[in-house]
Amino acid sequence: MTPMQLFLTLTASVLAAEDPLPPPTPAPVAQTATQPTAADNASAPLARSPNAAANRSPFSGRFVLGAGYDSNALLLEDTNQFVTELGGPTLSASALLRYRILRENDHRLEIGAIFDHDYYADQESARQTRVGLAGTWAKRVGQWLPGASLGAYRYVVDGDPAATAISGSLSWNRPTPTWAALPSLDILHITYDDLDAADGLQIALNYRHWFMLRPGQPASRIEASIKVGVYSADEDFESYTFVRPGAEIRWQDPGTGELSHWTLVGRAWYEYRSYDEAVPLANESETAHRFSLGGEADRRLLPWLTGGGYAAYTVRNANITSREYDRFQVGLRLGATF
Amino acid sequence: MRILLLCLCTIFLSALVAAEPAAATAVPLAARADGTPIFAGGRVSADQATVLTLPGTARSEVILAAGSQATFSVVEQELRILLDRGTIQVDVEGLGPWTAITVVGGSSQVTVTGTLFIVARDRRDVDTVALVRGQVQVRLRSAIVATLGRDPTIDLTAQQQVSAGPSGLTAVVPLSMPLLLAPASPSGNTKDDAIADAIMDGMLEAAISASEDAGEKVIDTVGGVLILPPPPPN
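Residue numbers (the numbering used here), protein chains in the order written: chain A, 1 to 338; chain B, 1001 to 1234.
I should point out that these hints are in silico values taken from the structure, not numbers from a laboratory. Positions of the beta carbon are idealized from the N, C-alpha and C atoms, including for glycine. Among these hints, one or two may not hold up.
Label pairs and their calculated CB-CB ranges [claimed, not checked]: (1) Thr1036(B) / Leu201(A): 49 to 59 Å; (2) Thr1036(B) / Thr176(A): 23 to 33 Å; (3) Thr1153(B) / Ser71(A): 50 to 60 Å; (4) Val141(A) / Gly1168(B): 54 to 64 Å; (5) Lys139(A) / Asp1155(B): 40 to 50 Å; (6) Gly1168(B) / Phe63(A): 40 to 50 Å; (7) Thr1147(B) / Val141(A): 56 to 66 Å; (8) Pro215(A) / Asp1220(B): 37 to 47 Å; (9) Leu133(A) / Ser1045(B): 46 to 56 Å.
All chains should be built: construct the whole structure from the sequences, respecting the hints.
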């Protein structure tokens, strides 16, 4: 077990142990024949009110403030000759505003506006602001839930406009109470303001499979995924083919839903990347392996407020040593939703 | 003759005034998921978990667990839901046309103030009141108050529960009773629709995640260039 794995394991154990609320121990008077159990609830068929969705506010939002430490925000190799102090404190702020245009049970359309800023005290070149708009659509067709998403984002690095990205996705989802299949075709086009050679289009096939840990409650699930694709840049030495398998486990207290005490997430992914051509002055094209392990724990402090922490470790190994790096991120955050 | 006419008018007006409450009772107090109205005196027996709404409220979702039964009535513009047996989950915002909405159990009565709570009534008429969010006031039914000679009242806050029986109210303990349904997601859906909601969330999160990956790629590509030393002067 690596130090990072040990840290995450211990963090999860401590957070779970710190929950001040006792495990479910119904009062004696509540233990009656008529009181439903969680299992009963999960299996009970329910007919919902047709207007239940419509009478909710179409607006929702999420704001998150974070503070932590990032060991390598610039993704540089340890022995690079330009930056000797890679790590430093970081502050982050993000906002997501969502507006649901269509809120029928079988037909959804919504748009979201995203603002995100990462501030690094010691690495000015890593300070990034991201603003964007994204829209998602889904419509139930029999047992299927096909959907699409489209997003446009603008990136500002160290105060200067740096790049624009357009993302799109077509998916044909199959939800069931115990599992869901989410295959999709994803595209991502990146245009750099001052680096035309790196401009390119990523096309990928993505498959995610959810195993619900409790029937009908996707808030607790295991996700297995694999993404295969190519990034075709203007210059071949920036183009690559990649395969990215991943896994995620997401757990929320049973039975209390949006007011659950804890939401725990653990995830890991690996990416194999093979570049088409060697960069100028290099002898061979690059082959890279990236691996990431991370975890999040958030506790709902108030109906609208969560507090928690995150940690992630990412390592990149490559046959070109100057492209290798590792990165450790850890921090605390407060999130507000409405 | 005038006196007789006056008496007739008085009787007529009295009859009209008396008829008003009867007209009010024609207003549906609740509705099933398929739109079937439930009027005053209406009784809902749930063979399976059943979702009801309360017309006129800003948002409402009343769920009767399988095997439960409730009777709806109006007392002085107060909507009363008598839990005859079983478990009921109430999620209400706004009172609508009512001055109050009250769930009456075996021993307790719980007043709704814009909240999500559950009342479970057992065979001994002991009620467990569990509050997920908002605030409710729990007090004993008037018959028990009369027997005990006292009227204890508890204001529950979120994530608490209390039990009420013929001997009074128990101490407040942290919420442990499971919900009949996970609370509605922001789009207002639960259960099967929660999966569709999650998929929508997952699609949006995937779009955001793609933009985060792109952001990392931007830093990987641009950040490294920005730190390069300026080219030497010619």
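Now for the hints, and whether the structure bears them out:
A hinted range of 49 to 59 Å holds for the C-beta pair threonine 1036(B) and leucine 201(A), which are about 54 Å apart. Our hint of 23 to 33 Å for threonine 1036(B) and threonine 176(A) holds, since their Cβ atoms are close to 29 Å apart. The supplied range of 50 to 60 Å is met by threonine 1153(B) and serine 71(A), whose beta-carbon atoms lie about 56 Å from each other. For valine 141(A) paired with glycine 1168(B), a C-beta distance near 56 Å keeps the hint of 54 to 64 Å intact.
Separation of lysine 139(A) from aspartate 1155(B) is about 45 Å and conforms to the stated range, judged on CB atoms against 40 to 50 Å. The beta-carbon spacing between glycine 1168(B) and phenylalanine 63(A), approximately 44 Å, falls within the hinted interval of 40 to 50 Å. Between threonine 1147(B) and valine 141(A) the CB atoms are about 60 Å apart, so this pair conforms to the stated range of 56 to 66 Å. For the pair proline 215(A) and aspartate 1220(B), the beta carbons lie near 41 Å from each other, so the given range of 37 to 47 Å is met.
At roughly 50 Å, the beta-carbon separation of leucine 133(A) and serine 1045(B) lies within the given 46 to 56 Å, and the hint holds.
In summary, the structure agrees with every hint in the numbered list given earlier.
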